[in-house]
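Undergrad: Listed below, chain by chain, are the residues.
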Amino acid sequence: MSAATKEKEPLFSAKNRKLLTNPINLNNPITVQVLGICSALAVTAKLKPAFVMAVSVIVVTAFANLIISLLRNGIPPRIRIIVQLVVIASLVILVDQLLKAFVYDVSRQLSVFVGLIITNCIVMGRLEAFAMGNKPWPSLLDGIGNGLGYSLILIMVGFVRELFGSGTIWGYHVIPQSFYDLGYRNNGFMILPPMALIIVGIIIWIQRSRNPELVEEK
Amino acid sequence: MYSNAYIFRYAGIMVILVAAVLSAAAMLLKPMQERNEAVDKMTSILKAAGFEDVNAKNAIDLFNSTITNMIVINQDGEVVDDFTGAGKEKSKAFGLNLKEQLYNKSMKRPFELPIFKANKNGETIYIIPMRGVGLWGPVWGNIALRDDFNTVIGVTFDHKSETPGLGAEITTPIFTDQFPGKTLFDDNGKFVSIKVVKGGAANLDASMRNHAVDAISGGTITSNGVSDMIRNVLESYEPYIKKIG
Chain W
4 MSAATKEKEP
14 LFSAKNRKLL
24 TNPINLNNPI
34 TVQVLGICSA
44 LAVTAKLKPA
54 FVMAVSVIVV
64 TAFANLIISL
74 LRNGIPPRIR
84 IIVQLVVIAS
94 LVILVDQLLK
104 AFVYDVSRQL
114 SVFVGLIITN
124 CIVMGRLEAF
134 AMGNKPWPSL
144 LDGIGNGLGY
154 SLILIMVGFV
164 RELFGSGTIW
174 GYHVIPQSFY
184 DLGYRNNGFM
194 ILPPMALIIV
204 GIIIWIQRSR
214 NPELVEEK
Chain F
14 MYSNAYIFRY
24 AGIMVILVAA
34 VLSAAAMLLK
44 PMQERNEAVD
54 KMTSILKAAG
64 FEDVNAKNAI
74 DLFNSTITNM
84 IVINQDGEVV
94 DDFTGAGKEK
104 SKAFGLNLKE
114 QLYNKSMKRP
124 FELPIFKANK
134 NGETIYIIPM
144 RGVGLWGPVW
154 GNIALRDDFN
164 TVIGVTFDHK
174 SETPGLGAEI
184 TTPIFTDQFP
194 GKTLFDDNGK
204 FVSIKVVKGG
214 AANLDASMRN
224 HAVDAISGGT
234 ITSNGVSDMI
244 RNVLESYEPY
254 IKKIG
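Residue numbers (our numbering), protein chains in the order written: chain W, 4 to 221; chain F, 14 to 258.
Simulated from the structure, these hints should not be mistaken for laboratory data.
What follows is a list of derived Cβ distance ranges for each label pair:
| id | chain 1 | residue 1 | chain 2 | residue 2 | range |
| --- | --- | --- | --- | --- | --- |
| 1 | W | Leu200 | F | Arg122 | 42 to 50 Å |
| 2 | W | Leu185 | F | Asp89 | 53 to 61 Å |
| 3 | W | Asp108 | F | Phe204 | 32 to 40 Å |
| 4 | W | Leu200 | F | Met40 | 36 to 44 Å |
| 5 | W | His176 | F | Gly213 | 22 to 30 Å |
| 6 | F | Asn77 | W | Asp108 | 21 to 29 Å |
| 7 | F | Glu65 | W | Val106 | 17 to 25 Å |
| 8 | W | Leu200 | F | Gly135 | 51 to 59 Å |
| 9 | W | Arg81 | F | Asn77 | 54 to 62 Å |
| 10 | W | Arg83 | F | Lys112 | 38 to 46 Å |
| 11 | W | Leu200 | F | Asn132 | 50 to 58 Å |
Here the structure is a predicted model, which means the values were calculated and not measured.
In this text, a Cβ means the ideal position worked out from N, Cα and C, and glycines have one as well.
My request is simple: use the sequences and hints to build the entire structure.
TA: Below you can see the structure in the form of C-alpha cells.
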C-alpha cells in the first residue's frame with residue numbers, strides 16, 4: 004500500500020492555494036475564460052443584486068464541483084452532460100427555495116436571476132474542465148475560486164455602474180447634492196446592458212496590459 | 014465501457030433521488046415560504062396606507078389591529094363576503110387569487126375582487142390590491158384611498174423581474190411619492206384613473222394634471238403596464254364605489 008504510506012498532501016498546499024487564487028486574476032472566468040458574460044450584463048446595474056448573485060454562484064459552483072467530483076468515476080460518459088445539468092439545476096432550485104424561506108427580501112431582489120445560474124456557463128465549464136477529472140477537495144477549491152473570480156468582476160462592474168448610473172452605492176446616495184447643483188448628471192447609459200460589456204472590456208484591457216503573459220502571440 | 018443497462022439504471026436512480034430531495038425540501042420549506050409571502054403582502058398593504066415602520070416582525074399584529082373589514086365584491090359591486098374577525102390572513106379576501114379573477118374579468122366571466130377597509134387613527138381608508146403586466150413579468154401593488162374613494166393616500170408597487178435601474182424603479186419613493194393627493198374621478202364624477210405619462214405630468218392640461226404622474230425614463234413598457242394595471246383594476250370597483258358612495 005504505497006498510497007497509504009505516502010505523505011498526505013496538506014489541505015492548503017501551494018498547488019491547492021493556486022486553485023483558489025488563479026481564477027481571481029490570471030484565469031478569471033469572465034475576463035480570461037470569457038464565460039458567464041450574460042449574467043454579468045444582466046445583474047450589475049445595482050451593487051446589491053450583483054453581490055447576492057455572486058454569493059449564490061459561489062455556493063452553486065462549489066457544491067456542483069464537489070458533487071460531480073465525488074460521482075466522477077460512476078458517471079457514464081455518454082450522459083455526463085445530463086448528469087451535470089441535473090446536479091446544477093437541483094442545486095439552483097435548492098438555493099432558490101432556501102432564499103425564499105429564510106431571506107425573502109433578497110430572494111425578491113434576485114427574482115429570475117437565481118434561475119439563470121443554471122445557464123451560467125462557468126458552472127458547467129468547471130464541471131467539464133475540472134471536476135470530472137479531479138479529486139473532491141481540489142474540485143471544491145476550484146469551484147470556490149472560480150465563483151470568487153466571477154464575483155470580483157461582478158462587484159467591480161456593479162460598483163461602477165451604480166455609482167455613475169444612479170449616483171448611489173448599495174442604494175445609498177454617495178454623490179453629494181452640491182455636485183448635482185453644479186450641473187453633474189447621472190449617466191443613464193451606465194444602467195443599460197451595453198455599458199456592462201464596455202466596463203468588462205476595460206477591465207480586460209487593464210488586466211492584459213498588467214499581465215503580458217495573457218496576451219496571445221500572433 | 015458502460016452498458017446501456019447501467020446508463021438507464023444510473024439515470025433512473027439519479028432522477029428518483031433528486032426528485033426525492035427536491036420535493037422534501039419544497040415540503041419542509043413551504044410553511045416558511047407561505048408565511049413570508051403573507052407577511053410581504055400585509056407589509057405592502059400597510060405601507061400603501063401610510064404606515065412607515067412596518068417590518069416582518071410586526072406586520073401580522075399591525076395588520077390585524079388596523080384592518081377592520083376584509084371585503085370581497087363581485088362584478089356588480091355587491092358585497093359577497095365581509096370578514097371582520099381575528100386571523101385576517103385566513104379570510105376569503107386575503108386568499109383571493111387576483112391573477113385568476115382578473116383573467117375572468119378579461120374573459121367577461123363573473124369575478125370577485127378584494128377590498129380592505131382600515132382604520133388609521135380614526136380615519137377610514139380603503140386599500141385595493143392591484144395586479145398587471147410589466148415588461149418581463151407581472152407587476153402588482155396596492156393603492157390606498159380616502160373614504161371618498163377618490164383621493165389617493167399612498168401606493169406601493171412591486172414586480173417580479175423588471176429591469177434593475179429602469180422599470181424596477183417603480184418600487185422607489187421617487188415614483189410612488191407622486192401618487193398621494195391624485196384623484197381617480199374628474200369633477201363630473203367620471204372615472205379617469207391615474208395615468209403614467211411620458212414627457213412630464215406637469216406639461217398636461219390643468220384638468221389632467223391631477224390624474225397623471227411622470228413615467229420612468231427607460232422604463233416605458235413597465236410604466237405603461239402600471240398605468241394599465243391601475244385603470245383595469247380600479248374600473249372594476251366603479252359599481253361598488255357608485256353603490257356605497
